[in-house]
Amino acid sequence: MSALRKTEPDLGESMRAKLAGFAATLRDNGFVVGLAEYRDALTVMSGDSASSPSRFRPALRSLFCSRHSDWTMFDEIFDAFWLRRGMKSATRMSGAPQKAPDGVQAAASGARGLGNQDNADHVQRGEGEDAVEAGETRREGASRAEFIGKTDFRHLTHPDDLAEAHRLAERLALAMRARMTRRMRARPRGQRLDLRRTIHKSIANGGTPMQLVFRKRREKPLRLVVLLDGSGSMSLYSAVFLRFMHGVLDAFREAEAFLFHTRLVHISPALRERDPQRAVERMALMGQGTGGGTRIGDSLATFNRWHAKRCIHSRTCVMIVSDGYDTGPAERLGDEMRALRRRCRRIAWLNPMIGWQDYAPEAAGMKAALPFIDLFAPAHNLESLKALEPYLARI
Amino acid sequence: MAVKLPQERIAAQMAAVGYVPDRDLATALWLMDSLSRPLLLEGEAGVGKTEVARALALAHETQLIRLQCYEGLDQSAALYEWNYQRQLLAIKAREGSDANAVEEHIFSQKYLLERPLLAAIRQTKAPVLLIDEVDRADEEFEAFLLELLSDFQVSIPELGTITATTIPRVILTSNGTRELSDALRRRCLYHYVDFPDVDREARIILSRLPGIDAALALQIASMVGLIRKEDLRKTPGVAETLDWAATLAGLDIRHLQDEPEAVHDTMICLIKTAEDKARMTRQVTERLLGKVA
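One line per chain: the protein sequences are A and B, in this order. Going by the UniProt record's numbering, the first residue of the first sequence is number 1, and it counts up by one from there. Going by the UniProt record's numbering, the first residue of the second sequence is number 1, and it counts up by one from there.
No false leads were mixed into what you were given.
Sample of chain A residues at the chain B side, in silico, Cβ under 10 Å:
| hint | residue |
| --- | --- |
| 1 | V32 |
| 2 | G34 |
| 3 | T43 |
| 4 | G47 |
| 5 | I199 |
| 6 | H313 |
Rather than coming from a laboratory, the hints here were simulated on the basis of the structure. Note that the structure is predicted; figures quoted are calculated from it, not measured. For every residue, glycine included, the Cβ atom is placed at its ideal position computed from N, Cα and C.
Same shape as in the complex, but just chain A (with noise of 0.2 Å):
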């Protein structure tokens, strides 16, 4: 097509080697770099854009990008290499904004700050022990601090607990999966003649159509989509629940999972992992760096900024796991709850507390949420689990 293409590419030897440093660092946050891509930048950086950062950067944007998270992260990413620009390494955060969320970070900033650094490589490592101890000692005194990530979930360990969680989660999905085929059968309409296919069976007959084919319009396949609150408050609860999420995603092809406490974080292809103590692991993983404190409100105009229009169509049941309790303004979580209702069919919302004594929806924010909810169920052990099923396939 042009002569870029077959120009040999002759970049130095000391290029060469830092664009493939670059590469190796997009790789490692999460960027899906081929060697075909990594080929075409070397073949563009040896014409006549090489000469500067800031010229081939726009090429390599459009080279190794390819969403809209990869877009907004690049740019940091490409100062802190090129150009050297403050930033110790970039960590991974799936759909989720680079940006602290603000104030929260810089109050868990200093001594403390550091301390926790350090923790969170620890885990990373993969040196679960001492971490976790560091983790559970901190979680009396520093609220604000970020101990989500460090929480070993070990509260459901129990094998038989575990098993029931998935036996219940496989159940649910059985039983929204057969109402779905139940209702392709009722809908004879939308049938079009299919004539390519009648033309094909009629070649029997000699070219006589005596056989009509006809097509009908597929059935949207309910979908659901998952939003657990993975605040300190709920801590003892999200485990079991990442348990069960697991369990429905596995069983569905159409389920979306989001973890959110001062932000939102997208955690189903975590949760897609065959074996649950891993997926449980990765999404832990996920879920640390963030502070203490829950953002519901914040975090569901994330949401539906960024993931509702792909998450989200006209049989889709959002399901919020949470305990109302926001450290943001109320009225925030209720126009973002009214934006939500509009786009869904329905909203579940399961708060543990409804299970406990004397229990009555106070909190301001689960006030302001309450109109635009469909079902407002308990969700404290696993018995209030089962007891949604038959809710659920009313949906």
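Given chain A, work out where chain B should sit, using these hints.
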């Protein structure tokens, strides 16, 4: 005069036909040509993704072939289809003649209906192929598209393999209603189209409405920029800006601050939902107008 970089040349060509690209987009368009890769454009509705393809076709003085994707789009609507009605007629008309000859006849080019993808690879001059809203099509279609985009050949069982006479410039757009497969993303160059900044939007207004006053164009652009920062449900796109600019120019308004009433009343060009309308009260309009330099 300094030698122009290829991306600057493309930027100038695009600007000449009424699309003002930023540097990133111009680079992406240049790479698309030099590496012969498709370009995937993502971005919010109304930022002008489809317009890129239209302008690119104009700039290269070639045809724009557009495939609008939708749920359930299949090969027969995207690639080719036999004209069954005519085939049936032909069979009836030739009843009694040699069966082989009839078959040969009805499966010839004459009875082949070209759909956009087949049409795109059979042009004499490389066209711009726009695959619009690819996220609306099914996953199976995406896989098929991937195959076509790498081989640029189509095999029709009754007719044989058709190889591309020219390789089209392919632009895909996505609105993010579904996550695209990694394979398709990897095959493509990527560009995220954002709303234009004030300066670029003013230039867009000027290039589309040549009669408009440059100062007014700048005011309109900065006003729209401010409105986009308001928390609206439907952020006004570039097309809306152009509508509004045309309206204001038609009303013979010279300076936005002089006519706050008219500005507020014509805002229906930008605001598309009842909720946003309630939010953009007169007070809000006046506050924003105050910020427009």
